[in-house]
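Protein chains in written order, with the numbering used here: chain A, 1 to 115; chain B, 1001 to 1112.
None of these hints come from the bench; they were simulated from the model.
Where is the CB? At the ideal position from N, CA and C, for every residue including glycine.
A few of these clues could be false.
[Said to hold, decoys possible] Under the rule of at most 16 Å between Cα atoms (straight-line distance), these lysine to aspartate or glutamate pairs were calculated in the EDC-like manner:
| hint | chain 1 | residue 1 | chain 2 | residue 2 |
| --- | --- | --- | --- | --- |
| 1 | A | LYS102 | B | ASP1051 |
| 2 | A | LYS70 | A | GLU10 |
| 3 | A | LYS102 | B | ASP1077 |
[What the hints assert, rightly or not] A few chain B positions that, by computed beta-carbon distances, are all more than 10 Å from chain A:
| hint | residue |
| --- | --- |
| 4 | ALA1042 |
| 5 | ASN1056 |
| 6 | ASP1062 |
| 7 | ARG1067 |
| 8 | PRO1069 |
| 9 | LEU1090 |
| 10 | ALA1092 |
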Amino acid sequence: AQTVTQSQPEMSVQEAETVTLSCTYDTSENNYYLFWYKQPPSRQMILVIRQEAYKQQNATENRFSVNFQKAAKSFSLKISDSQLGDTAMYFCALNSGGSNYKLTFGKGTLLTVNP
Amino acid sequence: DAMVIQNPRYQVTQFGKPVTLSCSQTLNHNVMYWYQQKSSQAPKLLFHYYDKDFNNEADTPDNFQSRRPNTSFCFLDIRSPGLGDAAMYLCATKMSGSYGYTFGSGTRLTVV
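Take the sequences, apply the hints, and build the full model.
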């Protein structure tokens, strides 16, 4: 079984500042994939960033980057230069592969960016 | 990436009246998923298909059924909706070249 834990139900940050969202996970697989998804209020869930476990280099997508600590099973998301449009629920997710590609989500962190 | 289209965006149904939600995807990918997401909660997997191989999660209520008549389309049937079934229902397929998912916009179901 695979589990994902997000310990911060809500966070807030001032516009233009940096914020880090935490995520820990557990899986017995050695090869797996981690994701951060963003879900704005009443809008579609979209992929923010992804990390393959076999890659040591942390993934980066523009203002979004991750800190992947495989031994600690930790996968945090850093948002730099926060913008009002970053206000959303953020879900950490894990896929341990296999033919069915099942994705397990954490409970989410509601991020509010304040002007 | 595959586009996932869900219809309708909003659905209101009466307590106990059967309702069907639909989903289609444009790249004919072999895997499709249905998730239920209640307010401020994580999505919960109800069903997934790998080709025509249908799998329901152990805790998916019998009230929920799914059909996949062809690769592109997938339906979620709720035979007798209760108030507790009010939720956002998300359909997804696998992203090309990745183990991530592409989600549809969801159908928000209200039970009255």
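Verification of the supplied hints:
1. A:LYS102 x B:ASP1051: Distance ~14 Å between LYS102 of chain A and ASP1051 of chain B Cα, so the pair holds.
2. A:LYS70 x A:GLU10: 25 Å, violated
3. A:LYS102 x B:ASP1077: Cα-Cα ~21 Å, so violated.
4. ALA1042: 4 Å, violated
5. ASN1056: At about 12 Å from chain A, ASN1056 of chain B clears the 10 Å cut-off, so the statement holds.
6. ASP1062: 21 Å, holds
7. ARG1067: 18 Å, holds
8. PRO1069: 20 Å, holds
9. LEU1090: At roughly 7 Å from the nearest Cβ of chain A, LEU1090 of chain B sits no farther out than 10 Å, so the non-interface label is violated.
10. ALA1092: Its Cβ does come within 10 Å of chain A, the nearest being 8 Å, so this is violated.
In summary, the numbered hints that this structure violates are 2, 3, 4, 9, 10.
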